[in-house]
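4 protein chains.
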Amino acid sequence: MPAKNEDLHGNVPDKSDVALLLIDVINDLEFDSGEELLRHALPMSERLAELKRRAKAAGIPVVYVNDNFGKWQSDFKKILAHCLEEDVRGRPVVERLRPDEDDYFVLKPKHSGFFSTTLDILLDYLGVKTLVLTGLTGDICVLFTAHDAYMRDFNLVVPSDCVASNDPGENEYTLEKMARLLKADTRPSAEIDFGELKRLAARGPEPTPEPQARRFAEAE
Amino acid sequence: MPAKNEDLHGNVPDKSDVALLLIDVINDLEFDSGEELLRHALPMSERLAELKRRAKAAGIPVVYVNDNFGKWQSDFKKILAHCLEEDVRGRPVVERLRPDEDDYFVLKPKHSGFFSTTLDILLDYLGVKTLVLTGLTGDICVLFTAHDAYMRDFNLVVPSDCVASNDPGENEYTLEKMARLLKADTRPSAEIDFGELKRLAARGPEPTPEPQARRFAEAE
Amino acid sequence: MPAKNEDLHGNVPDKSDVALLLIDVINDLEFDSGEELLRHALPMSERLAELKRRAKAAGIPVVYVNDNFGKWQSDFKKILAHCLEEDVRGRPVVERLRPDEDDYFVLKPKHSGFFSTTLDILLDYLGVKTLVLTGLTGDICVLFTAHDAYMRDFNLVVPSDCVASNDPGENEYTLEKMARLLKADTRPSAEIDFGELKRLAARGPEPTPEPQARRFAEAE
Amino acid sequence: MPAKNEDLHGNVPDKSDVALLLIDVINDLEFDSGEELLRHALPMSERLAELKRRAKAAGIPVVYVNDNFGKWQSDFKKILAHCLEEDVRGRPVVERLRPDEDDYFVLKPKHSGFFSTTLDILLDYLGVKTLVLTGLTGDICVLFTAHDAYMRDFNLVVPSDCVASNDPGENEYTLEKMARLLKADTRPSAEIDFGELKRLAARGPEPTPEPQARRFAEAE
Chain D
8 MPAKNEDLHG
18 NVPDKSDVAL
28 LLIDVINDLE
38 FDSGEELLRH
48 ALPMSERLAE
58 LKRRAKAAGI
68 PVVYVNDNFG
78 KWQSDFKKIL
88 AHCLEEDVRG
98 RPVVERLRPD
108 EDDYFVLKPK
118 HSGFFSTTLD
128 ILLDYLGVKT
138 LVLTGLTGDI
148 CVLFTAHDAY
158 MRDFNLVVPS
168 DCVASNDPGE
178 NEYTLEKMAR
188 LLKADTRPSA
198 EIDFGELKRL
208 AARGPEPTPE
218 PQARRFAEAE
Chain R
8 MPAKNEDLHG
18 NVPDKSDVAL
28 LLIDVINDLE
38 FDSGEELLRH
48 ALPMSERLAE
58 LKRRAKAAGI
68 PVVYVNDNFG
78 KWQSDFKKIL
88 AHCLEEDVRG
98 RPVVERLRPD
108 EDDYFVLKPK
118 HSGFFSTTLD
128 ILLDYLGVKT
138 LVLTGLTGDI
148 CVLFTAHDAY
158 MRDFNLVVPS
168 DCVASNDPGE
178 NEYTLEKMAR
188 LLKADTRPSA
198 EIDFGELKRL
208 AARGPEPTPE
218 PQARRFAEAE
Chain S
8 MPAKNEDLHG
18 NVPDKSDVAL
28 LLIDVINDLE
38 FDSGEELLRH
48 ALPMSERLAE
58 LKRRAKAAGI
68 PVVYVNDNFG
78 KWQSDFKKIL
88 AHCLEEDVRG
98 RPVVERLRPD
108 EDDYFVLKPK
118 HSGFFSTTLD
128 ILLDYLGVKT
138 LVLTGLTGDI
148 CVLFTAHDAY
158 MRDFNLVVPS
168 DCVASNDPGE
178 NEYTLEKMAR
188 LLKADTRPSA
198 EIDFGELKRL
208 AARGPEPTPE
218 PQARRFAEAE
Chain L
8 MPAKNEDLHG
18 NVPDKSDVAL
28 LLIDVINDLE
38 FDSGEELLRH
48 ALPMSERLAE
58 LKRRAKAAGI
68 PVVYVNDNFG
78 KWQSDFKKIL
88 AHCLEEDVRG
98 RPVVERLRPD
108 EDDYFVLKPK
118 HSGFFSTTLD
128 ILLDYLGVKT
138 LVLTGLTGDI
148 CVLFTAHDAY
158 MRDFNLVVPS
168 DCVASNDPGE
178 NEYTLEKMAR
188 LLKADTRPSA
198 EIDFGELKRL
208 AARGPEPTPE
218 PQARRFAEAE
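Protein chains in written order, with this note's numbering: chain D, 8 to 227; chain R, 8 to 227; chain S, 8 to 227; chain L, 8 to 227.
Just so you know, the hints here were simulated from the structure itself, not pulled from any lab data. Predicted model only: the values in this text are computed from it and were never measured. Just so you know, not all the hints are guaranteed correct.
Identical chains blur together in the list; that is why a pair holds if it fits in one copy or across any two.
As a list, the in silico EDC-like pairs of lysine to aspartate or glutamate whose alpha-carbon atoms are at most 20 Å apart [claimed, not checked]: (1) 85 with 35; (2) 85 with 108; (3) 190 with 174; (4) 84 with 107; (5) 190 with 39.
Turn these sequences into a full structure, and let the hints steer you where they fit.
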């Protein structure tokens, strides 16, 4: 009987029930509403840097899911270098969140991290069951990614202080909706215990209520 | 030079720039919040039946995108028959919206009509550019489908009186958000002119603003 | 922590490490080369009917993966009825292989059973690791499906006497290639022991050799 | 009416009916059968370099579709640098085929260039109808990619002297099969006229024969 390919041809050696996603944080913020977004992204990046530090200490793989900006679609280091230039608006955010050599990277051409990307297969090989979603912006790319993750039955954690949007009210509302409809855990980052997340994810799924009823009852 | 397969092996003979989607309307509503949803779905179904009538008169293909309920995953007629039984809660809705022989049908296993279904390829063969989204529930399956349609660059029309959710406030909010973020046209169904939709869709895309800026400016 | 959705909203209650796929067997064979294909499909259908019988006795789910023929994309029973009409060429094949009430059905718009269909998510919910592929035709739709299954890391079993093509030489060659490149087990159906398949699949993947080397060494 | 996003957020500014794909050519060939493959890849790379030169002169976009080797999934330049080191077996191939700044790059985690990658959306934005497939190895990654391209209704051109496999007999057979089943044009690269390809692709699809019959008659 042929063997299942365990490690995606050597490129995904890690195994982990939990993964931390950073969405669109490598970003020059050089657009009209960038100044406004920066105001919220800056304090967020501080908390996220600390969350990432704790994730790595706990052996949780970190995945950057990011827009591409140039034609050479894989030249993420060039994007990174650009975002770290002196006069770039997003620089203080990017500086705090610059990727480590052992972080993963997924290029996304559209809003959701799952749409036409390698993310699906990467998470499959890692064996991830619980996704911690963070980044920019809460009400667009993080929400689109959360929807797609929910349909794939991932457990969702979206720390309320590690996502930012242009409008704090929209950010708040989106978080509340993700908690209600997607069953996302939105506790602030300081309350996240990666050891507990790992234990819960490893324990696997709980029994579910009646199926069809459940989906339509989700909005209640 | 080999010929492109024009009609998906004979099964998609129509060509249309515009399509009307009815999401999860073939539904027994036999779940906890079904009574509540019925209150909003009932008047909605009347408007939607009229919209569908006008769509077909204008030569617009109609696609039912529906949950499956039984194991025989394709036995939609059986689902339909069940929903039309005397004591089924959803019956008055289903009666008004029962499919015609020439309507299309797409079975969806999850919330979005695009996730792990044949919808993508059906719309591709039809040549659709503009999607009119209707059905249940506005804040879950219609919204998930709208997100996926937006990432695929469809023009979106979501008639405000042809979607229903358990909570009218949530329905309203979701519509407002689809208008703002997904550039959906949410005018009520009576104001929809299918002839105009066809002319606009045929005219093709307008010039777009600066790319990266645009996505992040979407929330403004 | 939110629970993983265990049974795809009630529609996929089975759990099985092994599944049997019947590809394009519900087929009227009413095309130019149909007479030729029938010559090979007829004896094949006898063996396949027996294999299906043994699979069901062993609790293995059976999935029909079939082209659609009509516009009502889900009306599989209508296709079935058509194929069972008196003067239809494929009738003797279809009669032997007619689906049971508890079989699954996946409509495929193109050659591979995985392309733009619900198959991926169905197999995911069933928990399948080993796929037994059978049906028509060996060198096209079965091969396309096998490629897609291989990329998804399924163990493959393709019983040499349960696939048929127009040209027996091509059928033979394709089987030999699936054995060599896709590591498919191509032993004849009589030698398949479903109990053993289940034990092997449950045992999980064996250690794999060096990754990149492996893919390029596959053709040796 | 909302505008269709024309250029994938600025990252795909080109429009072209034809694209040239180079599959897995950035390759160190450092595996068991690498010496053998090099024997066939070396003369192939000479012809391919010339074909690429002519493609670019004709304004045809060039897309590298390549395995990833490291964890930093997007660091293609690092892969490239590695393959250009003094003692690397694949070096003479890579030297001839090194990407230009304006070439596109798609990272593929598995055999087909379409599986869990950004290729679909890239080709969609480019507006490609005809794909010229080249690279390594003809009977595995090129064939898997050709199958997926065929299901997406691309016209296929696979120049017989611009693909290489470990075994020349297998290479030959695969080409013959792609010509017959996938209607691929397999003329040698010297006979490819990009101007003619563009004219044919722009002319669009020809009328197709009866659908279902066609698929099953494909093997004749």
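How the hints compare with the structure:
1. 85 with 35: Cα proximity of residue 85 and residue 35: one copy only (12 Å, versus 24 Å across).
2. 85 with 108: So residue 85 and residue 108 pass the 20 Å test inside a copy (15 Å) and across (12 Å) alike.
3. 190 with 174: Close across copies (18 Å), not inside one copy (23 Å); limit 20 Å.
4. 84 with 107: both (11 Å within a copy, 17 Å between copies)
5. 190 with 39: between (33 Å within a copy, 18 Å between copies)
Against the hints set out earlier in the document, no violation occurs for any number.
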